[in-house]
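*Asks:* Sequence:
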Amino acid sequence: MLVIIDKEVNDKYRNQYLNLIMKEIEDVKVVDFRESTTLKNYKSILVLEPIDEKFKSQMKDFFAVYPEKDIEGSYTKKLTITAESILSVLPINLQSKTLVIINQSEIFGKPLAKELIDRGANVINLNSKCVITFEILKTRPDILISASGNKEFKIPEELLKNIDLKIDLSNDLVTKDKITSIPTIEILKKRYKKL
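Just so we're aligned: 49 in the numbering used here is position 37 of the sequence shown, and the numbers increase by one with no gaps anywhere.
Some hints could be false.
Label pairs and their calculated CB-CB ranges [unchecked claim]: (1) 146 / 39: 42 to 50 Å; (2) 40 / 72: 19 to 27 Å; (3) 202 / 105: 19 to 27 Å; (4) 183 / 42: 37 to 45 Å; (5) 170 / 68: 38 to 46 Å; (6) 170 / 46: 19 to 27 Å; (7) 193 / 68: 23 to 31 Å; (8) 197 / 90: 17 to 25 Å; (9) 76 / 126: 18 to 26 Å; (10) 22 / 66: 16 to 24 Å; (11) 47 / 192: 16 to 24 Å; (12) 46 / 176: 40 to 48 Å; (13) 69 / 189: 39 to 47 Å.
For lysine-lysine, the following DSBU-like pairs were computed, each having C-alpha atoms within a straight-line distance of at most 30 Å [stated by the list, open to error]: (14) 122 / 188; (15) 72 / 109; (16) 150 / 68; (17) 90 / 173; (18) 109 / 68; (19) 173 / 188; (20) 90 / 126; (21) 52 / 109.
What the hints contain is simulated information worked out from the structure, not anything from laboratory work.
Virtual Cβ for every residue (Gly too), placed ideally from N, Cα, C.
Can you build the whole structure from these sequences, using the hints too?
*Replies:* Set out below in structure tokens:
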């Protein structure tokens, strides 16, 4: 598997994920996006953000020709690894459940919202800059999934008391009653083994 990153950017969460990938999966090659690499020689390619927007556009064109190489799924509009990982910790029956997702990224929030809607859930998809986030949470959704990536964004405990299931991937929720880890690496390993 080829993993492409921007080596000039120091991103804590990306680096943790990259270290786990290198520990758990054999035959991983990590390259900087500026390096010359023959992409079609690899069975699977994982592009880890943050990464240059122009390069992302080039990868979108590449994956349009070789969609089977997009192991993440974000460039080919498949269910992404992170979204699939979240689904694995949610209840099976989501029919008529109301979920709030605080993340609108192409890697996580948008594909997860689409999949949940397809499964019959009511989904409210926000970002951390939404001015009515707290008002929406007062409506008592069944499930809250937060991955804002914004260090300044915090949801106080009093707004979380009546939410049955809370998933917090970026330390946004001021409560101990939450899931903070999802099986992302296991989903990646499963996808890699299928190749």
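*Asks:* Evaluate each hint against the coordinates.
*Replies:* Hint check:
1. A C-beta distance of roughly 47 Å is found between residue 146 and residue 39, which places it inside the suggested range of 42 to 50 Å.
2. In this structure, residue 40 and residue 72 meet the distance hint of 19 to 27 Å, their C-beta atoms being roughly 22 Å apart.
3. The given range of 19 to 27 Å is respected by residue 202 and residue 105, whose C-beta atoms sit roughly 23 Å from each other.
4. For residue 183 and residue 42, the hinted distance range of 37 to 45 Å is not satisfied, since their beta carbons lie about 26 Å from each other.
5. In this structure the supplied range 38 to 46 Å holds for residue 170 paired with residue 68, their Cβ-Cβ distance being about 39 Å.
6. A C-beta distance of roughly 48 Å is found between residue 170 and residue 46, which places it outside the suggested range of 19 to 27 Å.
7. Between residue 193 and residue 68 the beta carbons are some 27 Å apart, a value that agrees with the proposed interval 23 to 31 Å.
8. In this structure, residue 197 and residue 90 meet the distance hint of 17 to 25 Å, their C-beta atoms being roughly 18 Å apart.
9. Hint check: residue 76 to residue 126, Cβ distance near 19 Å, so the stated range 18 to 26 Å holds.
10. Between residue 22 and residue 66, the C-beta spacing of about 21 Å keeps the proposed range 16 to 24 Å intact.
11. For the pair residue 47 and residue 192, the supplied restraint of 16 to 24 Å is violated, since their beta-carbon distance comes to about 34 Å.
12. Range check, residue 46 to residue 176: Cβ separation about 46 Å, and the 40 to 48 Å hint holds.
13. At roughly 41 Å, the beta-carbon separation of residue 69 and residue 189 lies within the given 39 to 47 Å, and the hint holds.
14. A threshold of 30 Å between alpha carbons decides the hint, and for residue 122 with residue 188 the separation of about 26 Å falls inside it, so the pair holds.
15. Proposed proximity of residue 72 and residue 109 is contradicted: the alpha carbons are some 34 Å apart, above 30 Å.
16. Restraint check for residue 150 and residue 68: the C-alpha separation of about 38 Å exceeds 30 Å, so the hint is violated.
17. Taking the CA atoms of residue 90 and residue 173, the gap is about 34 Å. The hint is violated against a cut of 30 Å.
18. A threshold of 30 Å between alpha carbons decides the hint, and for residue 109 with residue 68 the separation of about 34 Å lies outside it, so the pair is violated.
19. For the suggested pair residue 173 and residue 188, the alpha carbons sit about 11 Å apart, so the restraint of at most 30 Å is met.
20. A hinted pair counts as satisfied when its Cα atoms are at most 30 Å apart, and residue 90 with residue 126 qualifies at roughly 10 Å.
21. For the given pair, residue 52 sits about 42 Å from residue 109 by alpha-carbon distance, which is inconsistent with the 30 Å threshold.
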